[in-house]
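All chains, full assembly: derive it from the sequences and hints.
Number of protein chains: 2
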Amino acid sequence: MVSVIKIGGSLAEDRSSLVRLCQKLVFLSKKHEVTIVPGGGGFADTVRYFYDKFRLSDDIAHKMAILAMDQYGLLLKDIMGEAILAYDLDDALQYKRGLSIILPSKIMFSLDPLEHSWNVTSDSISAFIASSLKAEKLILAKDVDGIFTSDPMKDSKAKIFKRISAKNLLKENMKSCIDGFLPRILIEKQLTCYVVSGKHPERIESVLEGRRDLYTEITPYPSRALL
Amino acid sequence: MVSVIKIGGSLAEDRSSLVRLCQKLVFLSKKHEVTIVPGGGGFADTVRYFYDKFRLSDDIAHKMAILAMDQYGLLLKDIMGEAILAYDLDDALQYKRGLSIILPSKIMFSLDPLEHSWNVTSDSISAFIASSLKAEKLILAKDVDGIFTSDPMKDSKAKIFKRISAKNLLKENMKSCIDGFLPRILIEKQLTCYVVSGKHPERIESVLEGRRDLYTEITPYPSRALL
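Going down the list, the protein sequences come from chains A and B.
Under my numbering, think of the first position of the first sequence as 1, with each following residue one higher.
Under my numbering, think of the first position of the second sequence as 1, with each following residue one higher.
One should not assume that every hint holds.
The list treats identical chains as one, so a pair stands whether inside a single copy or across any two.
[Stated by the list, open to error] Here are the simulated DSBU-like cross-link-like pairs (lysine-lysine), alpha carbons at most 35 Å apart as the crow flies:
1. K134 / K157
2. K53 / K24
3. K137 / K106
4. K106 / K96
5. K106 / K159
6. K137 / K96
7. K137 / K53
8. K106 / K157
9. K53 / K30
10. K96 / K162
11. K31 / K96
Simulated from the structure, these hints should not be mistaken for lab results.
Rendered as structure tokens:
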């Protein structure tokens, strides 16, 4: 079964670390079925800048932000070389034995399955795609180690969750590195999600191979939070 | 006959002036057949930032920059309200009696008619589209009054050309506000182009109605430069 890996846009802030991650993903794609979904990153930040400046509608900004994901997907393709661009779900299914990068605009503009707001980012979009591909795992590669009890940049006592349920994330209305809509879609689609640092690509390998490591598992079913 | 108006991305730096331009274009579309092509602006600047940072290939950057034009086109649509989005040349021809905004990615990705370099920007792309639509005029609305003998920001003696031939622009290798490839495509397609300030929308009306005003006409045939 395929696993969907979303590469967070903020990982593009550090060139060498993103290149290292991409190389590792090319390597991992030889032994695992993986499909890449791009984040929005600096491209989506530009959209947000103009959204604020021109007080754009959420409908238009949603489309512009999805094009930002296409742009970042093209950037990732340039780094990964042999990866194949997938423009729809059939492409992605066809290429899943190789390494494919999904450019989501065609899928999202035609199916338009999610609400149009900044609560829905590439996290939720990658969850929708993972569910459509009946993926085994959704892996969100970010520039943080996982989901914490509080902001680790501000609170030295912050602890990482090894496991937390999507319901818990909704209930606590926790400020975290994932978008506000994601827990709902994980529950609805009964999808397990892993939040892991893209700066430590070996942890992504651990997730794919079911090994314990430093990351957070978000369960779609009720479960006790585990620190 | 339709006229193609490219709205330069740098005009988005001043919100109120871009909104005023858009309102004028909605008004002008009631009496003239006009089709809008978006520039790239801040969206293309972000592409260029990542192009430099990741030393991306020109092929990939070309595609990313065309998506930047789609993003700016969506922004313009949000301001113009009643404008219709055109995704291909047939759409644009069909809507030319109303006001349409062309999102160029579908056209450019399928036809791929221009070289992939930063010499080709939305100037050349709008010339290609104008030629494909057999447009009467190509109007480039920019944040400058026209093409000058030297940089008017640095040289107080700089004079604006009322008229200059595309061949002259090529020969002199003049640094100007248009992209390096544009003169060639104007000659090849025998297309007349007007460079005009989008901050003075009444000048665009003058071009459409064939009145003398402050702007530069670029002729596709040899002609004596006129100051």
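- Query: Going back to the hint list, which numbers does this structure go against?
  - Reply: Violated hints: 1, 5, 8; rest satisfied.
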